[in-house]
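Undergrad: The lines below spell out each chain.
2 protein chains.
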Amino acid sequence: MMITSLSNPKIKEIRKLHDRKERRNSGLFYVEGLRLVIEVDQLGLLPHTVIIAPELLTSRQGWELADKWGRSGVTVLEVSESVFRSIAVRDDPAGLAAIMPQQWASLDLIHTSDADLWIALESIADPGNLGTILRTLDAVGGTGVILLGNCTDPYDPTAVRASMGSIFSKTIVSASFDEFLAWKNRNNCALIGTSDKAEADYQALRYPNKLVIFMGSERMGLQAHHLQACEQVVSIPMSGRCDSLNVAVAASLVLYEVYNQRRKNHKKDIR
Amino acid sequence: MMITSLSNPKIKEIRKLHDRKERRNSGLFYVEGLRLVIEVDQLGLLPHTVIIAPELLTSRQGWELADKWGRSGVTVLEVSESVFRSIAVRDDPAGLAAIMPQQWASLDLIHTSDADLWIALESIADPGNLGTILRTLDAVGGTGVILLGNCTDPYDPTAVRASMGSIFSKTIVSASFDEFLAWKNRNNCALIGTSDKAEADYQALRYPNKLVIFMGSERMGLQAHHLQACEQVVSIPMSGRCDSLNVAVAASLVLYEVYNQRRKNHKKDIR
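Those protein sequence lines, which keep their order, are chains A and B.
Residue 51 in my numbering sits at position 33 of the first sequence, and the numbers go up by one each step.
Residue 200 in my numbering sits at position 182 of the second sequence, and the numbers go up by one each step.
Any given hint could be a false lead.
[What the hints assert, rightly or not] Derived lysine-lysine pairs resembling DSBU-like cross-links, with alpha carbons at most 35 angstroms apart:
1) B:LYS228 to B:LYS286
2) B:LYS215 to B:LYS228
3) B:LYS282 to A:LYS228
4) A:LYS34 to A:LYS86
5) B:LYS86 to A:LYS215
6) B:LYS215 to B:LYS285
7) B:LYS215 to A:LYS286
8) A:LYS215 to B:LYS228
9) A:LYS282 to B:LYS285
10) A:LYS282 to A:LYS215
11) A:LYS285 to B:LYS228
12) A:LYS285 to B:LYS285
13) B:LYS39 to B:LYS86
14) A:LYS86 to A:LYS30
15) A:LYS215 to A:LYS286
16) A:LYS34 to B:LYS285
17) A:LYS228 to A:LYS285
18) A:LYS228 to B:LYS286
19) A:LYS228 to B:LYS215
20) A:LYS285 to A:LYS215
21) B:LYS286 to A:LYS285
22) B:LYS228 to B:LYS285
23) A:LYS285 to B:LYS86
24) B:LYS286 to A:LYS286
25) A:LYS228 to A:LYS286
26) A:LYS286 to B:LYS86
27) B:LYS282 to A:LYS282
28) A:LYS282 to B:LYS39
29) B:LYS285 to A:LYS215
30) B:LYS285 to A:LYS228
31) A:LYS34 to B:LYS228
32) A:LYS286 to B:LYS39
33) B:LYS286 to B:LYS215
34) B:LYS86 to B:LYS30
35) B:LYS86 to A:LYS282
36) A:LYS282 to A:LYS228
37) A:LYS215 to B:LYS282
In case anyone wonders, no lab produced these hints; they're calculated from the structure.
Modelling step: build the complete structure from the supplied sequences, incorporating the hints.
TA: Structure, rendered in structure tokens:
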């Protein structure tokens with residue numbers, strides 16, 4: 019039966035997932051749109067709940083997915099267009115959304131390999147920046163993100179959307195700085211910080227294997243005690259009036275520098 | 019006299035500037051926050067109007083600026099905290115904003131030099147992306163941005179904020195594709211497109227002087243007729259599940275590749 023009431027209890031529960039506190043309590047998050055929901059399927063993940071708005075959903079693949087999951091025992095809610103719009107985060111909702119379980123990994127259970135490329139973020143505030151960093155991390159074959167301090171929520175709808183699905187495939191960790199340091203020492207990971215005051219050019223460093231790139235918050239960057247924990251600190255040269263880059267841009271430049279060096283080394287190896 | 023009414027006609031005019039159509043009609047735009055307003059002063063620009071909320075403005079520099087501009091004949095509006103919050107785009111407004119004239123440049127009047135580095139954007143939709151691209155363009159000493167097709171407004175408050183002030187110092191052009199092509203041919207500018215389908219690696223190309231980097235929209239990228247107009251098309255390698263990067267990240271990677279090549283050539287030249 020189609021849900022047509024905006025105050026239906028299930029719909030109210032779903033709408034609450036736009037709020038960080040409610041996400042934390044439930045361990046769930048909200049995913050919207052064909053592209054992201056297809057990615058859920060392609061990764062072999064099962065949603066907690068699927069929401070479809072028949073008046074909006076024109077994609078055959080979307081209908082087939084809802085059908086398939088319904089037969090697997092996943093709760094499928096059919097809702098009216100106005101109900102869907104009341105929970106949607108996009109202006110032009112495609113009529114397909116899923117509720118997914120959050121997947122936080124614990125550092126204690128993570129063992130690193132030589133090919134690892136992590137990014138640690140200290141108190142990053144903007145969910146769009148966090149999602150964009152996840153998207154770039156995926157593009158360079160990175161391993162995951164370690165969130166330190168007072169970071170925004172990777173399961174915020176804006177972060178999920180900006181990640182273009184990388185939220186599902188990359189390892190997501192939240193840890194204290196001390197836990198993180200103990201883990202990276204135990205696993206012999208190199209920690210490379212970034213600071214606009216560092217003397218070393220980000221292109222001059224030969225980045226080691228088993229690497230964590232470390233970026234500070236939009237407002238403050240890395241603080242003295244963060245920088246002290248790094249094996250190296252690099253800066254990205256700038257010659258304009260602005261004295262900083264967007265944090266997702268800065269992270270992407272350093273991640274791509276690591277990736278480009280690894281690509282070139284790999285080419286040398288196979289020659 | 020302090021404006022305390024939310025429906026004061028001047029305040030209503032200012033609030034309208036959050037709307038693109040009203041910005042187009044008036045030729046003005048809204049700038050908020052100490053950092054951006056200080057940049058206006060440092061560039062020697064004069065605001066059309068300055069707005070201060072004495073209950074919010076704690077910065078001495080902010081007060082001094084308002085005072086200085088007031089003596090130069092700039093209209094300074096003192097408003098109550100609630101009035102300021104009603105026009106503010108930030109959650110934690112600092113109590114200082116300015117109304118500025120838009121500065122669109124005309125291609126007819128732009129002559130290029132060898133050091134020029136432009137970025138042309140086709141139908142980019144997200145103002146945050148556009149502002150972030152301007153910020154990176156400034157960092158690499160770029161010249162300006164040429165907006166083609168159905169682009170978002172660089173004077174959107176989100177774009178202005180993301181540009182971190184680059185909106186004031188970079189050249190901003192809007193043109194048809196034909197006008198743009200005629201200009202770049204007349205000025206012997208090389209046009210380098212980007213596409214995830216291109217075979218040339220963005221790091222393999224030696225980027226020429228007098229250069230325009232050409233990026234497509236978030237959804238579609240560059241279309242066939244855009245790519246045909248390019249001297250070269252490059253792609254950024256990716257090895258993850260996502261098949262694309264955020265457009266501001268992709269633009270930043272290519273802009274930095276050009277900048278890094280120019281830096282290295284410059285080092286060679288002065289040796």
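Undergrad: Hint by hint, say whether it matches the structure.
TA: Hints, verified against the model:
1. B:LYS228 to B:LYS286: Roughly 20 angstroms between the alpha carbons, so the hint for LYS228 (chain B) and LYS286 (chain B) holds.
2. B:LYS215 to B:LYS228: holds (25 angstroms)
3. B:LYS282 to A:LYS228: Holds - the C-alpha atoms of LYS228 (chain A) and LYS282 (chain B) are around 28 angstroms apart, at most 35 angstroms.
4. A:LYS34 to A:LYS86: holds (27 angstroms)
5. B:LYS86 to A:LYS215: This hinted pair holds, its Cα atoms lying about 33 angstroms apart.
6. B:LYS215 to B:LYS285: With Cα atoms ~33 angstroms apart, LYS215 (chain B) and LYS285 (chain B) stay inside 35 angstroms; holds.
7. B:LYS215 to A:LYS286: holds (25 angstroms)
8. A:LYS215 to B:LYS228: Roughly 31 angstroms separates the two Cα atoms, so the pair holds.
9. A:LYS282 to B:LYS285: holds (23 angstroms)
10. A:LYS282 to A:LYS215: holds (28 angstroms)
11. A:LYS285 to B:LYS228: holds (32 angstroms)
12. A:LYS285 to B:LYS285: holds (27 angstroms)
13. B:LYS39 to B:LYS86: Since the Cα atoms of LYS39 (chain B) and LYS86 (chain B) sit roughly 32 angstroms apart, the hinted pair holds (cutoff 35 angstroms).
14. A:LYS86 to A:LYS30: Answer holds: LYS86 (chain A) to LYS30 (chain A) is near 25 angstroms, not above 35 angstroms.
15. A:LYS215 to A:LYS286: Given pair LYS215 (chain A), LYS286 (chain A) holds - Cα atoms ~33 angstroms apart, limit 35 angstroms.
16. A:LYS34 to B:LYS285: violated (56 angstroms)
17. A:LYS228 to A:LYS285: Roughly 19 angstroms between the alpha carbons, so the hint for LYS228 (chain A) and LYS285 (chain A) holds.
18. A:LYS228 to B:LYS286: holds (33 angstroms)
19. A:LYS228 to B:LYS215: holds (31 angstroms)
20. A:LYS285 to A:LYS215: Measuring from Cα to Cα gives roughly 33 angstroms; hence the hint holds.
21. B:LYS286 to A:LYS285: Satisfied, since the Cα-Cα distance of roughly 26 angstroms is no more than 35 angstroms.
22. B:LYS228 to B:LYS285: OK: LYS228 (chain B) and LYS285 (chain B) at ~19 angstroms, within 35 angstroms.
23. A:LYS285 to B:LYS86: Outside the cut-off at roughly 61 angstroms; violated.
24. B:LYS286 to A:LYS286: holds (25 angstroms)
25. A:LYS228 to A:LYS286: holds (20 angstroms)
26. A:LYS286 to B:LYS86: Violated, at about 62 angstroms.
27. B:LYS282 to A:LYS282: Judged against 35 angstroms, a Cα distance of about 19 angstroms means the pair holds.
28. A:LYS282 to B:LYS39: violated (49 angstroms)
29. B:LYS285 to A:LYS215: With Cα atoms ~21 angstroms apart, LYS285 (chain B) and LYS215 (chain A) stay inside 35 angstroms; holds.
30. B:LYS285 to A:LYS228: Since the Cα atoms of LYS285 (chain B) and LYS228 (chain A) sit roughly 32 angstroms apart, the hinted pair holds (cutoff 35 angstroms).
31. A:LYS34 to B:LYS228: Violated, at about 52 angstroms.
32. A:LYS286 to B:LYS39: violated (55 angstroms)
33. B:LYS286 to B:LYS215: holds (33 angstroms)
34. B:LYS86 to B:LYS30: Judged against 35 angstroms, a Cα distance of about 25 angstroms means the pair holds.
35. B:LYS86 to A:LYS282: violated (56 angstroms)
36. A:LYS282 to A:LYS228: Answer holds: LYS282 (chain A) to LYS228 (chain A) is near 17 angstroms, not above 35 angstroms.
37. A:LYS215 to B:LYS282: Roughly 21 angstroms separates the two Cα atoms, so the pair holds.
When the structure is compared with the earlier hints, violations turn up for hints 16, 23, 26, 28, 31, 32, 35 and for no others.
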